[in-house]
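First to last, the sequence lines map onto chains V and B.
Note that full-length UniProt numbering gives residue 343 to position 343 of the first sequence, counting from 1, and the numbers run on in steps of one.
Note that full-length UniProt numbering gives residue 65 to position 65 of the second sequence, counting from 1, and the numbers run on in steps of one.
Everything labelled a hint here was simulated from the structure, so no lab data went into it.
Take the hints with a grain of salt, since some may be wrong.
Note that the list lumps identical chains together, so a pair holds whenever it fits in one copy or between two copies.
List of simulated lysine to any residue pairs, SDA-like, C-alpha gap at most 25 angstroms [what the hints assert, rightly or not]:
1) K361 x R313
2) K16 x Q48
3) K330 x D109
4) K201 x E406
5) K274 x I337
6) K213 x E408
7) K201 x D168
8) K102 x A79
9) K16 x T51
10) K16 x E44
11) K16 x Y54
12) K102 x R261
13) K16 x A53
14) K16 x Q43
15) K102 x Y55
16) K201 x T165
17) K157 x G212
18) K318 x E369
19) K274 x E160
Protein chains: 2
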Amino acid sequence: MGSTERIRQVALRVAKWVRAGHRMVVVPSAMSGETNRLLALAQELSPQALTPAYYRELDMLAATGEQVSSALLAIALQALGLQSVSYAGWQVPIRTDSAYTKARIESIDDARLRADLDAGKVVIVTGFQGLDEGGNVTTLGRGGSDTSAVAVAAAMKADECLIYTDVDGVYTTDPRVVPEARRLHTLSFEEMLEMASLGSKVLQIRSVEFAGKYKVRLRVLSSFTPWDIDIDEEANSGTLITFEEDHTMEQAIVSGIAFNRDESKISVLGVPDKPGIAYQILGPVADANVEVDMIIQNISKEGKADFSFTVHRNDHPKTMELLRNQVVPKLGAMDVIGDTKICKVSIVGIGMRSHAGVARKMFQALSEEGINIQMISTSEIKTSVVLDEKYLELAVRALHKAFGLEAEPA
Amino acid sequence: MGSTERIRQVALRVAKWVRAGHRMVVVPSAMSGETNRLLALAQELSPQALTPAYYRELDMLAATGEQVSSALLAIALQALGLQSVSYAGWQVPIRTDSAYTKARIESIDDARLRADLDAGKVVIVTGFQGLDEGGNVTTLGRGGSDTSAVAVAAAMKADECLIYTDVDGVYTTDPRVVPEARRLHTLSFEEMLEMASLGSKVLQIRSVEFAGKYKVRLRVLSSFTPWDIDIDEEANSGTLITFEEDHTMEQAIVSGIAFNRDESKISVLGVPDKPGIAYQILGPVADANVEVDMIIQNISKEGKADFSFTVHRNDHPKTMELLRNQVVPKLGAMDVIGDTKICKVSIVGIGMRSHAGVARKMFQALSEEGINIQMISTSEIKTSVVLDEKYLELAVRALHKAFGLEAEPA
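Excised from the complex, chain V in its bound form (with noise of 0.2 angstroms):
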């Protein structure tokens, strides 16, 4: 289908929904492909600025990308028969802080689009971007479009804010390598957190954050699903992620199994066990910018000790070198040593709060498989485990059917 033919089937089931009864504020993404081609165009000319006045123009230029796409779904939408109107992010305005490519909504005012739904407009509102206080444009950063749809959905003070994806839902798990992996109807707020922050791909994370911030109903559904079909069905689809813990909600002790191949493990071994090696490691770790995601600190023998944690793979070489120029020598540790091949693995359920033995469970389907665990991290609502990444799939395989997630919960 032609890119056209896509946004006339958007603006069909928009006018489904407004033909119902409800007052709609809609938040295109760029069209397919759009965003990619407009950055390429700044990369032939410039491959490697990375000044702010440069990042400042890329903003410029993506932001046209859904400009576009608003502006043609308002006319698709006035071809329909409907009153519509396309706001730019400055128009809105939408502000947003100056961190040009992944710039942070501040606030959202409202008046103009209260005002055009009051007169029963459809109104359309840019995605993706924003006014900073200089007056100039910033975008959110991939998948923005949701945060920017999440934020206008607060501001309204919306019931509900559908967001059409690539997906039909959040599964308990990737129907890739589960193919037994269930649609959840329902996931709670926290736990839909968890499961973004730990890989699953379905909405950006800040779009989770904001929601949970303004206490944002929200439905992830599918973009794919025929625009005709009947309202009530279409309403019920997806998964909402809700608020209300303890009614609605499905009662399993674990929603759902999240993984990732994006990180590696870094150890410092043979490190003298005394105050301070925490800080003495990841404190210029940390001044190189390099996030930190999971950290074990073990003793070994002898007053020495073995300090472990992973960083985004992206920055495994920058780390080792850091480590071992600057660190190692200084502290006295005996060696650093990294691994690539690893992948985390981790259960989410808001359930583990109030239900013992959750990650003995985990631990011991592991075990039943032959899997060595290499790292653990827990928190109220997840265990995460660093595995070989040989055995990702084999371990999200053996969690998924251990704690019964192919079966709807009772």
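Place chain B on chain V using the hints.
Frame of chain V, contents of chain B only:
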């Protein structure tokens, strides 16, 4: 050449001017074919909409084309080591009326641009677009970037406004018709205005009007000149459109020959010759939004007059129908006849003001070629004739020769 390569060439040219000590504001147009691509998308979604709400969205859409090239040019300049910043029309702001798709510039705030120039930056102002009183994006119509450039030059009180086009200046006539046509080094503003309105497509007529109103020195030059030619050579290339009539001007009586095939002739025959005929015929035509160009009324015989005028060829069928059905019966005229196979040929020259016999020489030249003149219209600095379309090339060549335009004036 790819489109980013073209932008890089523009950046190199701008950098040359900047390094020679000039403070530059640059107004880029959209990348080749981009505006048409965007408008075609709108057309696919809504082929027939003609509402203000539709035109508003069309402007939101079309304005993105120039925003892309502005941001890319800023990036290209930064890659050359220059400081540069781009502004959309609304950021300057360039204020316009609300006539979507053909808005007129009302004011330009130069504060931000001036501060950036003072800070040593090359300022990119996005052409073709503005902001109306209601905070909506507007566009200025085809060729609108020229008008933006002239308006910015006026606001900034620039020394000169360089318009880089796909031709290397203004010619005595179209070189495709007369191979001996000669580039004019200078041309008065009034002559340029006549040339533009008579069919020379070098500049949007509104940009010339704007230059006249604010006395902006315009130079029309070629964007295909290699960027690295000597800067003094470039500074004197093309055609300078000036207000200094009496000294630097070339002393030709006729400066150029303009022509077009856009018009058609309509004659209402046998109209009772009494006061108010013109109004009764042209009133309904104007009410139908048809613009009339040349008008002639002759007494014929027995108290009946013939009344002829020209309209744009696109308006021909509509106008004929209107006259046949409404005007002719009401007036008691004999008939109405139309002719779409005409052309208009004009001689333009500020020297005509002070030289008698110019029109006579024109008529003589046409007569010697056996070309019949159908209508004549004169103004202070131009004489236009309407001819059978088949004589167009012959007439233009004969006039070019008769007025000695192939040779530089003494």
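Q. For which of the previously enumerated hints does the structure constitute a violation, in increasing order of number?
A. Numbers 1, 3, 6, 18 and 19, in rising order.
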